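Here the protein sequences come in this chain order: A and B.
In terms of UniProt numbering, the first sequence opens at residue 1 and continues consecutively.
In terms of UniProt numbering, the second sequence opens at residue 1 and continues consecutively.
Hint data in this document are derived by calculation from the structure and do not stem from the laboratory.
Computed from a predicted structure; not experimentally measured.
Any given hint might turn out to be false.
Just some of the chain A residues that point at chain B, by a computed CB distance under 10 Å [said to hold, decoys possible]: (1) Arg49; (2) Gly242; (3) Phe285; (4) Arg300; (5) Asp307.
Negatives, chain A to chain B, calculated, CB over 10 Å [to be verified]: (6) Ala19; (7) Asp31; (8) Gly72; (9) Arg80; (10) Glu106; (11) Gly174; (12) Gln222; (13) Ala238; (14) Gly240; (15) Ser321.
Beta carbons are placed, not taken as given, at the ideal position from N, Cα and C, and that holds for glycine.
There are 2 protein chains.
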Amino acid sequence: MPRSVDIGDLVSRAREGQARAVARLISLVEDASPHLREVAAALTPYTGRARVVGLTGSPGVGKSTTTSALVGALRGRGHRVGVLAIDPSSPFSGGALLGDRVRMGEHALDPEVFIRSMATRGHLGGLSWATPQALRVLDAAGCDVVLIETVGVGQSEIDVVALADTTIVLLAPGMGDGIQAAKAGILEIGDVFVVNKADRDGADRAVRELKHMISLGRKEIQGAMWRQPVLKTVAARAEGVGEVASAIDAHHDWMAAHGVLEQRRRKRAESEIEAIAVAALRSRFGDVRGGTALAQLAERVVAAEIDPFAAADELVASLDSA
Amino acid sequence: MPRSVDIGDLVSRAREGQARAVARLISLVEDASPHLREVAAALTPYTGRARVVGLTGSPGVGKSTTTSALVGALRGRGHRVGVLAIDPSSPFSGGALLGDRVRMGEHALDPEVFIRSMATRGHLGGLSWATPQALRVLDAAGCDVVLIETVGVGQSEIDVVALADTTIVLLAPGMGDGIQAAKAGILEIGDVFVVNKADRDGADRAVRELKHMISLGRKEIQGAMWRQPVLKTVAARAEGVGEVASAIDAHHDWMAAHGVLEQRRRKRAESEIEAIAVAALRSRFGDVRGGTALAQLAERVVAAEIDPFAAADELVASLDSA
Chain A
1 MPRSVDIGDL
11 VSRAREGQAR
21 AVARLISLVE
31 DASPHLREVA
41 AALTPYTGRA
51 RVVGLTGSPG
61 VGKSTTTSAL
71 VGALRGRGHR
81 VGVLAIDPSS
91 PFSGGALLGD
101 RVRMGEHALD
111 PEVFIRSMAT
121 RGHLGGLSWA
131 TPQALRVLDA
141 AGCDVVLIET
151 VGVGQSEIDV
161 VALADTTIVL
171 LAPGMGDGIQ
181 AAKAGILEIG
191 DVFVVNKADR
201 DGADRAVREL
211 KHMISLGRKE
221 IQGAMWRQPV
231 LKTVAARAEG
241 VGEVASAIDA
251 HHDWMAAHGV
261 LEQRRRKRAE
271 SEIEAIAVAA
281 LRSRFGDVRG
291 GTALAQLAER
301 VVAAEIDPFA
311 AADELVASLD
321 SA
Chain B
1 MPRSVDIGDL
11 VSRAREGQAR
21 AVARLISLVE
31 DASPHLREVA
41 AALTPYTGRA
51 RVVGLTGSPG
61 VGKSTTTSAL
71 VGALRGRGHR
81 VGVLAIDPSS
91 PFSGGALLGD
101 RVRMGEHALD
111 PEVFIRSMAT
121 RGHLGGLSWA
131 TPQALRVLDA
141 AGCDVVLIET
151 VGVGQSEIDV
161 VALADTTIVL
171 LAPGMGDGIQ
181 AAKAGILEIG
191 DVFVVNKADR
201 DGADRAVREL
211 KHMISLGRKE
221 IQGAMWRQPV
231 LKTVAARAEG
241 VGEVASAIDA
251 HHDWMAAHGV
261 LEQRRRKRAE
271 SEIEAIAVAA
281 LRSRFGDVRG
291 GTALAQLAER
301 VVAAEIDPFA
311 AADELVASLD
321 SA
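Just chain A, with the same shape it has in the complex (with noise of 0.2 Å):
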């Protein structure tokens, strides 16, 4: 019997600001609690205002500190900041391997910021299916700007892209070549490239390289075309981070005049309404035949009886037929 809560009345209290209203809401939805659907729709009307600022990059090249210094940076124009931390977790134990608890620890007190870390269970590799839904309960807290911090492998940087009006992707001189770069498909995912630890040997040739390369593979988006910007910073001593946050004003005001940023935010809608729906029919599986019938034609799939398409056709029809 889950302990009974007054939905309403935690997200009256998101609304103004409480930070344990705003903890316990996306903890509810974080653990998909019987609540999830209740905290969704009571969140609603309150969403839709928040800029959502995805932060990537290979490990070792600074993004906690580059997330701390850019707080530092929109608190100074009076924003109220949410962050949303992906942890890196192992997919098949479940946990998060690192406590980020101590992470941030100048912005901890403040009252106008939100910092969550997430684990990734749920969704191997990527991004928590419950962030979309963390990102919601920030938004409706009265956040102007979430950022979210993901490590720089495969899957989790497309999806940040997926979840991201704009999209930062952080480099340090000296951690790979351009090729790398271009494999982990970074080029095309970034709105906003930052050449962090600037003060080290290499920061110019990678500044070059990188502006070089991106203008290869610059395209138009609706009909206009972005000229994706590529800055120096010393994060950790805040230096240059005004400007990354001057770069996501001017992402977002071209974004908006060219209706790119209505587009994003509609793909988004269409993809998390699609995720939720393909889990709903999934879930259905399990039911036909008493769960037994995706067993039973694994079982003729190995003992190489049938095919995976033939089985998959008699897997939907038997759902159809249900």
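Model the placement of chain B on the given structure of chain A, informed by the hints.
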């Protein structure tokens, strides 16, 4: 109008080990040609014999060199060998960046070795959706072992585990500490660990640390316990590679003796059937209300009129009543 293809003839010739027929069949499944289902059905009676070995590791640990050396060791044991090299490619442009046509030149003329590079298009950040089908082609073509080589970034690692009977995780001295390894979840996916470039400083330390970390996470499977070996190789000189081949055999025998092989393959078939069935269901979303249903629901979510769960309910309901 697709060119007419005699699938039965191609399958016969592939079973005789004719490389061109094997290549043609892989192209047919890779392109999701109209013949995909026919090919899958025609291959089915001849599948289920090949051992599938996944090989993963970070860029720079020597995956291609190790794969090549391992092919040599397996050929020395008289095996017919298939290699599927998964090309990391930009998920957004859909094309493979680097062709691997010159790789493994020493085996290129061996009629008992089939090498194929596959792009990752169609499955963001992970293995190509066509990989299981290409595997089926190589299996039917009489390969005793199929090696799947994939770059160790997030999702593709996890996907290779889902496909492989045995997963080899490759590391190199000084390529990142233990926590880095654990973060990426590699400790839990490896059945066999290989520290390559073992002539470098730090190899023994890497082996020691790895052994310690593995011992902490070891779990029983089906009431039995596999003690993952940590081996040393210098793949560029083919040193230690025979031991890797022996470890693959030992793991296979252990799995067969404890019912783990059967269980892994059933699980693999379940995932494959489910993925095909979900794709079939998902394609129906596009048909609801002339393809406008999802877009209309997304607009209402963006406008904060409904939440995505309620939108998904509507989508599924309109599917059921269609």
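Evaluated hints:
Checking Arg49/A against chain B: minimum C-beta separation of about 9 Å stays under 10 Å; hint holds. Taking 10 Å as the C-beta contact cut-off toward chain B, the hint placing Gly242/A at the interface is violated, the least distance being around 30 Å. Given hint, Phe285/A at the interface with chain B, holds; its Cβ is 6 Å from that chain's nearest Cβ, closer than 10 Å. With a least beta-carbon distance of about 8 Å to chain B, the hint placing Arg300/A at the interface is held under the 10 Å criterion.
Nearest Cβ of chain B to the Cβ of Asp307/A: about 4 Å, under the 10 Å cut. The hint holds. At roughly 23 Å from the closest C-beta of chain B, the C-beta of Ala19/A stays outside 10 Å, upholding its exclusion from the interface. Non-interface status of Asp31/A relative to chain B is upheld: no Cβ of that chain comes within 10 Å, the nearest being about 15 Å off. Every Cβ of chain B is farther than 10 Å from the Cβ of Gly72/A; the closest lies at roughly 27 Å, confirming the non-interface assignment.
The non-interface label for Arg80/A is consistent with chain B: the shortest C-beta to C-beta separation is roughly 18 Å, beyond 10 Å. Interface exclusion of Glu106/A from chain B stands, the closest Cβ pair being 24 Å apart, more than 10 Å. Every C-beta of chain B lies more than 10 Å from that of Gly174/A, the closest at about 14 Å, which supports listing it as non-interface. Every beta carbon of chain B lies more than 10 Å from that of Gln222/A, the smallest distance being close to 16 Å; the non-interface claim holds.
At roughly 27 Å from the closest C-beta of chain B, the C-beta of Ala238/A stays outside 10 Å, upholding its exclusion from the interface. Even its closest Cβ contact with chain B, about 27 Å, leaves Gly240/A beyond 10 Å, as expected for a residue assigned away from the interface. Interface exclusion of Ser321/A from chain B stands, the closest Cβ pair being 13 Å apart, more than 10 Å.
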